[in-house]
Amino acid sequence: GYSDFEGFKIYRSLDGGLTWGDSDDKIYDTTGVFVGWEPYEQFDLSAFEDSIFCVKGFNSDVIGNASSFNTWDDCVAYESLEDNPDYTNCCSEGLIRGASISGPDPYSPWYDLGSDTGLDQLIECEPSDTGEDVCLYTYVDDNVVDGFEYTYAVTAYDMGVSGASEVIGLDGSLSTTYIANPDEWANPKGYQSIETSRGTTVYDPNFVVIVPGYKSSTSPTEESLKEITVVPNPYVAASNFNETAYLKKMLFTHLPAQCVINIYTITGEMVTSLTHDDPLDGKEWWDLRTINNQEVSPGLYIYTVESTDNSGKAIKHVGKFAIIR
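Residue numbers (the numbering used here): 8 to 332.
Don't read these hints as lab results, they were simulated from the structure.
Treat the hints with caution; some may be incorrect.
To be verified - Straight line, CA to CA, 30 Å or less: simulated DSS-like cross-link-like pairs of lysine-lysine:
hint	residue 1	residue 2
1	255	233
2	63	233
3	256	323
Can you make the complete structure from the sequences, with help from the hints?
In structure tokens:
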């Protein structure tokens, strides 16, 4: 069988995976039927990686434990140092794609096969020592709002199965070829690219829900407490912050590992008190309810964050936030 891989697609949702973009991100086929979403990011093999990709997997005679090379990358690196590198030596049956894969899918042109980005934009991973490129790449999304919930899904996709292509030789003869399809599957029309499922819940390994924030400070100082912020500020009931009609919340972030948050009205009346005790997570949610479990009124509020530094000295930060209905 074929060993096919072309790239990764990353999707981002602001509503828990109900949608994966806005109306401009929807994909429609030629008949106007909605068929999917544009990915938030997409990474595919470079033109060079495409051309030397092993159609039927790596050559197990030279790659693997107790073989000449631990991984396919090692084999490719070795061949690259040769005067006349022959990358077919790294592949089963000597079969490589021999072509770049990019642009619209020939059989479903509303899908994009990529633009030969290469995977270098992802944080590089270490291949396993079994001869397979099984590793974890990392993508960092820096276009986020602290405290806002984001849902991500990562999928893998292939190039599909190429159909017959007619080639005119130098002597004028006409021949038929199949790019990366030596067994002539789906003869003669080929088949569109296939993509893995995005997943639907956090129990799917490629579906994750994240609330960005900061790690707790384990060595707080008066100066570091100045970084504490409230999100969103002001709180506006009609905003698109992650909440429902039954769950309203604000976020205190950049907190030290252990602290007490006291919230007051501008007249000094105690509203509620929150205890934060987490050596890793530097944020604490507040449900906008008083110590008597009543929903707070709109207005300006004062808060204090009290902690101790490494010497045991008491330190405090004072801030304010507004609630608008």
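Tested hints:
| no. | hint | in the structure |
| --- | --- | --- |
| 1 | 255 to 233 | holds (25 Å) |
| 2 | 63 to 233 | violated (58 Å) |
| 3 | 256 to 323 | holds (23 Å) |
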